[in-house]
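Protein sequences appear in the order of chains A and B. Quick note, the first sequence lines up with residues 1 to 134 if you use the numbering used here. Quick note, the second sequence lines up with residues 1 to 162 if you use the numbering used here.
For the record, the hints were derived by calculation from the structure and aren't laboratory data. For glycine and all other residues, C-beta sits at the position ideal for the given N, C-alpha and C. Heads up, some of the hints might be wrong.
[To be verified] FRET-style restraints, in silico, Cβ to Cβ: (1) B:151 <-> A:18: 34 to 40 Å; (2) B:82 <-> A:44: 17 to 23 Å; (3) B:151 <-> A:94: 18 to 24 Å; (4) A:25 <-> B:128: 52 to 58 Å; (5) B:152 <-> A:28: 50 to 56 Å; (6) B:32 <-> A:25: 49 to 55 Å; (7) B:124 <-> A:21: 43 to 49 Å; (8) B:31 <-> A:116: 37 to 43 Å.
[Said to hold, decoys possible] Chain A side only, calculated, beta carbon under 7 Å to chain B, not exhaustive: (9) 36; (10) 39; (11) 40; (12) 71; (13) 101; (14) 105; (15) 108; (16) 124; (17) 127.
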Amino acid sequence: MGEHEGEMRATSQPLQVSAERRDAAGGQVAIVRAEGEVDLANAEELSGALRAATGHEGGVVLDLREVPFMDSTGLKVILIASRDLQAPLVVIAGAGSAVGRLLDLAGVADRVPRFESEDEAFDALGSHGAESPA
Amino acid sequence: MNIVAAPSSAAGTWEIADTPSVTAYSPQSEHFELELPSEPDSVTRAREAMGTLARRLGASVDDVKIAVTEAVGNSVLHAFRDREPGTITLDARSDRDWLVIRVSDDGSGMVPNIDSPGLGIGISLITRAAFDVRFDSSKSGTSVRMAFAIPARSDREEVPDG
């Protein structure tokens, strides 16, 4: 790994965010995928993508598996989206990832449910949609 | 977890004696210093540098990166509000068991700010990611000192203390 000073470069991987929609059991779901590090220099891009995902009654899946690092400004964007969206938001993050560690340290498991695969995330949204009393 | 606000007169001193089991730095200990301008890109640079150091020493790379990012981010966002940009200094030292990183700025110190974006989240992350955290704030700047454990490694010869 980078032990040479020359490798202590400032260039982080630029953040790329894409979105798609998919029909699921609880209605149409927005999938927002982020790729690259999220910090105060670019968290606003993530915020914009999540705002654009409003209006999907089935919820939002935020895929952070390709995000090697996220800071509190990124977390705050997610918490605000989770509060403001009219549908549930769930996150996909790899086991043992820095994003997973951030979510654990922040203690937000109740507000930002986290899963390790797309299937699990969609299952969770589907079961949420079926939660209405029988 | 201790959060101690030391008196501002202690600014500039480097107090390590009360971190558990750290009594002195040996001649073989590491000392790393980095000065950065107070701008958003410095957050990334500080994170990369300290993450690399943590990996080499065997400390938790994620925890070091999280805490350093929040500390530098706080300085970038808050320390130089309504004044000229300044300098953020990272000072990292290690001995066998601890990596101690101090992030300091020459900004306005911690002042109450109701518009503060996420300051509470950042500080709580620092106190959870690092073992022992000290904030030291005065009119001439703020420093955050954070200690990270370096777990024993099997490839390292264990020498009893004392």
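Here's how the hints hold up against the structure:
no.: 1; hint: B:151 <-> A:18: 34 to 40 Å; verdict: 39 Å, holds
no.: 2; hint: B:82 <-> A:44: 17 to 23 Å; verdict: 22 Å, holds
no.: 3; hint: B:151 <-> A:94: 18 to 24 Å; verdict: 22 Å, holds
no.: 4; hint: A:25 <-> B:128: 52 to 58 Å; verdict: 36 Å, violated
no.: 5; hint: B:152 <-> A:28: 50 to 56 Å; verdict: 52 Å, holds
no.: 6; hint: B:32 <-> A:25: 49 to 55 Å; verdict: 53 Å, holds
no.: 7; hint: B:124 <-> A:21: 43 to 49 Å; verdict: 35 Å, violated
no.: 8; hint: B:31 <-> A:116: 37 to 43 Å; verdict: 40 Å, holds
no.: 9; hint: 36; verdict: 11 Å, violated
no.: 10; hint: 39; verdict: 5 Å, holds
no.: 11; hint: 40; verdict: 5 Å, holds
no.: 12; hint: 71; verdict: 5 Å, holds
no.: 13; hint: 101; verdict: 4 Å, holds
no.: 14; hint: 105; verdict: 4 Å, holds
no.: 15; hint: 108; verdict: 9 Å, violated
no.: 16; hint: 124; verdict: 24 Å, violated
no.: 17; hint: 127; verdict: 29 Å, violated
Comparing the model with each earlier hint shows violations of hints 4, 7, 9, 15, 16, 17; every other hint is respected.
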